[in-house]
Amino acid sequence: MSRLDRELMRGAGPLAVLKLLESTPMYGYELIEALDRRTSGVLDLGQSTLYPMLYNLEAQGFIEAYWQESTQGRNRKYYRITGKGSERLTKDTEQYRRLHTALTSLGVLELSFLREVIPSATHTQHEAHLA
Amino acid sequence: MSDTSVTPQGAHLAARRALWPRTIRPWLRSCLNRSGLLPREGTLSQQLEAADLPPSITALLTTTIKSTRLSRREQQEIAAELVTHFQDGLEAGRSEEDLIRTFGDARATAIMLRNATLNKRTPLQKFARRLGQGILLGLGLVIGTYLIALLIFAAGKPTISVPYALNYNKQVEAIPTDQRAYPLYVEVLKQIQRPPSEIETSPVLDSPEKQAEHDRQAGDDQYFNTFPQRANYPSFAKARAWLDGHSEAMNLLHRASKLPRAGVPFFADKFDSPPATTGEQPRYFTPERYTIATDPEADLFGVLLPMLVEYRFLARCTILDARIAIQDKDVARGMRALETQIGLVRHSREDETLIGQLVGLAILQIHHNTVEEVIASGLLDDAKLQSLLQQHAAIAGATLTPTFTREKEFFNDFLQRSYTDDGKGGGRMTKEGLLLLERYSSAQWTGGQKSGSSLGLTAFGPLSFVTMAGRSELRSKYEGMIDEAHRLAKLAPADRFGSPAWTNPFPEEKSAMGKLRYAPIAMLFPALHKSISTFDRVRLRHEAITMMLQIERQRLASGAYPTALSEMKNVAAPVDYFAGQPIRYVLIDKEGQKRPVLYALGPDRKDDQGRRPFKSGLDDGLASFKLTTEIDWQSAGSRAASRGDAILVDPYRAAGRLSEEEAREAFTPPATSATTP
Numbered sequence: 001m002s003r004l005d006r007e008l009m010r011g012a013g014p015l016a017v018l019k020l021l022e023s024t025p026m027y028g029y030e031l032i033e034a035l036d037r038r039t040s041g042v043l044d045l046g047q048s049t050l051y052p053m054l055y056n057l058e059a060q061g062f063i064e065a066y067w068q069e070s071t072q073g074r075n076r077k078y079y080r081i082t083g084k085g086s087e088r089l090t091k092d093t094e095q096y097r098r099l100h101t102a103l104t105s106l107g108v109l110e111l112s113f114l115r116e117v118i119p120s121a122t123h124t125q126h127e128a129h130l131a
Numbered sequence: 001m002s003d004t005s006v007t008p009q010g011a012h013l014a015a016r017r018a019l020w021p022r023t024i025r026p027w028l029r030s031c032l033n034r035s036g037l038l039p040r041e042g043t044l045s046q047q048l049e050a051a052d053l054p055p056s057i058t059a060l061l062t063t064t065i066k067s068t069r070l071s072r073r074e075q076q077e078i079a080a081e082l083v084t085h086f087q088d089g090l091e092a093g094r095s096e097e098d099l100i101r102t103f104g105d106a107r108a109t110a111i112m113l114r115n116a117t118l119n120k121r122t123p124l125q126k127f128a129r130r131l132g133q134g135i136l137l138g139l140g141l142v143i144g145t146y147l148i149a150l151l152i153f154a155a156g157k158p159t160i161s162v163p164y165a166l167n168y169n170k171q172v173e174a175i176p177t178d179q180r181a182y183p184l185y186v187e188v189l190k191q192i193q194r195p196p197s198e199i200e201t202s203p204v205l206d207s208p209e210k211q212a213e214h215d216r217q218a219g220d221d222q223y224f225n226t227f228p229q230r231a232n233y234p235s236f237a238k239a240r241a242w243l244d245g246h247s248e249a250m251n252l253l254h255r256a257s258k259l260p261r262a263g264v265p266f267f268a269d270k271f272d273s274p275p276a277t278t279g280e281q282p283r284y285f286t287p288e289r290y291t292i293a294t295d296p297e298a299d300l301f302g303v304l305l306p307m308l309v310e311y312r313f314l315a316r317c318t319i320l321d322a323r324i325a326i327q328d329k330d331v332a333r334g335m336r337a338l339e340t341q342i343g344l345v346r347h348s349r350e351d352e353t354l355i356g357q358l359v360g361l362a363i364l365q366i367h368h369n370t371v372e373e374v375i376a377s378g379l380l381d382d383a384k385l386q387s388l389l390q391q392h393a394a395i396a397g398a399t400l401t402p403t404f405t406r407e408k409e410f411f412n413d414f415l416q417r418s419y420t421d422d423g424k425g426g427g428r429m430t431k432e433g434l435l436l437l438e439r440y441s442s443a444q445w446t447g448g449q450k451s452g453s454s455l456g457l458t459a460f461g462p463l464s465f466v467t468m469a470g471r472s473e474l475r476s477k478y479e480g481m482i483d484e485a486h487r488l489a490k491l492a493p494a495d496r497f498g499s500p501a502w503t504n505p506f507p508e509e510k511s512a513m514g515k516l517r518y519a520p521i522a523m524l525f526p527a528l529h530k531s532i533s534t535f536d537r538v539r540l541r542h543e544a545i546t547m548m549l550q551i552e553r554q555r556l557a558s559g560a561y562p563t564a565l566s567e568m569k570n571v572a573a574p575v576d577y578f579a580g581q582p583i584r585y586v587l588i589d590k591e592g593q594k595r596p597v598l599y600a601l602g603p604d605r606k607d608d609q610g611r612r613p614f615k616s617g618l619d620d621g622l623a624s625f626k627l628t629t630e631i632d633w634q635s636a637g638s639r640a641a642s643r644g645d646a647i648l649v650d651p652y653r654a655a656g657r658l659s660e661e662e663a664r665e666a667f668t669p670p671a672t673s674a675t676t677p
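Sequences listed follow chains P and R, in order. This note's numbering numbers the first residue of the first sequence as 1 and each following residue consecutively. This note's numbering numbers the first residue of the second sequence as 1 and each following residue consecutively.
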């Protein structure tokens, strides 16, 4: 699956990162891997994109960083979402939902589109996503 | 080739070279690293080296992180995060090529990292960064502007459009030979050697203490005051013999002084050469010593007027001449001396320089003193007195009115040699102008040779664009001050005293910035106000002397001096400019001798019946040489400044010589003085 265009990535990337960090703090490489894996490469952010994005989110106060020793004994820089980040995530999610609804009602988006984008998901998951 | 010829100096240099890399440089680097002024390139390298990543990844990270141009701390933090990123990737089994490929372009990544990191900075850090950028930008602008100004300054050249000195010399050279006195003066000066020192410096006062006090007060003028010998001085006979030995030269001098024009050129250069000496005394002017300014480049401010010194010397010779005439009752010789003095007054001011006019006034005062002595001697008959009156009237207008036209020329000449010319009167300072100012301020005229460091002046030259006034402003300011001084000179002194224009003619000079802005004016503006006061004093004295000539005519006609000025027919007394009333006249009767005295009330405006303020230590005959030694006319605002009156004419006293005791007894002011409202 090819990656999204830069413009689309610019809006979706931060939202995706916030969404991943909502459940647990993660470090840079872990985020890249997770995005690649869970979006089947659609949101495969390279390092050159991810780290500046993280710094910008940090500058905006949506996430915060801290250093912590990992289980391998290596110091890693972890990122976690802040309260402000959570609010932003909620707001952006709502906006994407409305956008999706609008595009679906125009016939631009269909369930088949989601299947094409995320083929490994079950029908139920697709329905839930649209809901 | 082995170096077996190391000198002790070479070994010393080698040791010094070794000292730098081994000791000083590391210490300096350490200090700079601690202060954060020097990026810790070594530390970043060490950090990446310690990560034990493949060389290609290390190189990529080095390039990327250095390209961010962030602070050392920020670079280290990014490095630490990216190092773990690559370590994680390698541990996950990805190849280094794959990791490098997915990392993206190093430069583009560096830009994004930099921008994102800058966003993370606190407002204070952002402000500090902006401030630093602003300062750097400002410095850059200042340096850039200064460099441009430096180029403009270095490119600016003055244009000499009016060769003032040359033009003047062309005019004097055009004077017909039979009307020009200069060649005759040169001949006179060749013939008249300076008098022997025993005549010039012999004591003139009756005690060593008085002489010492006199010499101290006379200062630089000591020479001018001591030369003329009185008949009762011990070395008068020698002085007379000396002058009689120059009778031909004195006749030539009289001829020269009667010619319509002096025609003395402006001289230039050779100023640094020592004065020629004839015998024991220096000869200030010799034609061989000076060069007539014929070069268009000749600087008007640097022209030399050595003849002015010699005019004064020749005038003092005429005092001696007149005293010999009085002793011999030689009317012709006495008149010749007086007429010569008048001619010297006329000629010395002919160039219309301020100094020339002031020398003219000094010689006129010599003439006034001589007239007093001649009147007291009764040497002149009515016809001679009338002739003298006519000659006085002829010189009165021009001689006693200051003109500052030449002073304007001096300044305009300075401007054209110092400033560029935009053709509209404007222009900016040049290196040549700063050199000129430096030479004027150092008081070491080098006769047109360049002096000082032109490189240093060029470096600081652009500052003159903002600190100093431009050409048109300077000219306008200078000429305005000259015109104002000219206007003040035409006012009665009483109307002038106390006015702001008189007490503070150059207010800008009070502040350092003002002085800098008008530095050429502060340095070159002549002492016009003091000069105007000198004109006032000499003018009043001249009018009083003329009045005394009329009184002497009255005495010859009636056999007695008038008892009051009201007895004089068709003669108006000059105005005492302090009192605003006619000057006073008193006929002092001392031991049967009637002594006519004309006097002004002076700044205190009190009538002390013609008594002069007594000044201990000064012989009256010498004190009368200068009015300023008797009374401080400048301090008109302070009425307590004077005791007694300002004696304008006192022929019998001038002719005689009183002891200190006599003077104290005769001229101590009475207990009660008449007061003029």
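Read the hints as simulated data drawn from the structure, not as lab findings. Remember, it's a predicted structure, so these values are computed and weren't measured experimentally. Here a beta-carbon is modelled for each residue, glycine too, at the ideal position from N, C-alpha and C. Keep in mind that the hints are not guaranteed to be accurate.
[What the hints assert, rightly or not] Partial list, computed: chain R residues near chain P (C-beta under 8 Å):
(1) Leu124
(2) Gln125
(3) Arg555
[To be verified] Listed below are the simulated DSS-like cross-link pairs for lysine-lysine, each with C-alpha atoms no more than 25 Å apart in a straight line:
(4) Lys384(R) <-> Lys19(P)
(5) Lys126(R) <-> Lys77(P)
(6) Lys170(R) <-> Lys384(R)
(7) Lys84(P) <-> Lys120(R)
Each hint, compared with the structure:
no.	hint	result
1	Leu124	violated, 14 Å
2	Gln125	violated, 11 Å
3	Arg555	violated, 111 Å
4	Lys384(R) <-> Lys19(P)	violated, 127 Å
5	Lys126(R) <-> Lys77(P)	holds, 24 Å
6	Lys170(R) <-> Lys384(R)	violated, 38 Å
7	Lys84(P) <-> Lys120(R)	holds, 16 Å
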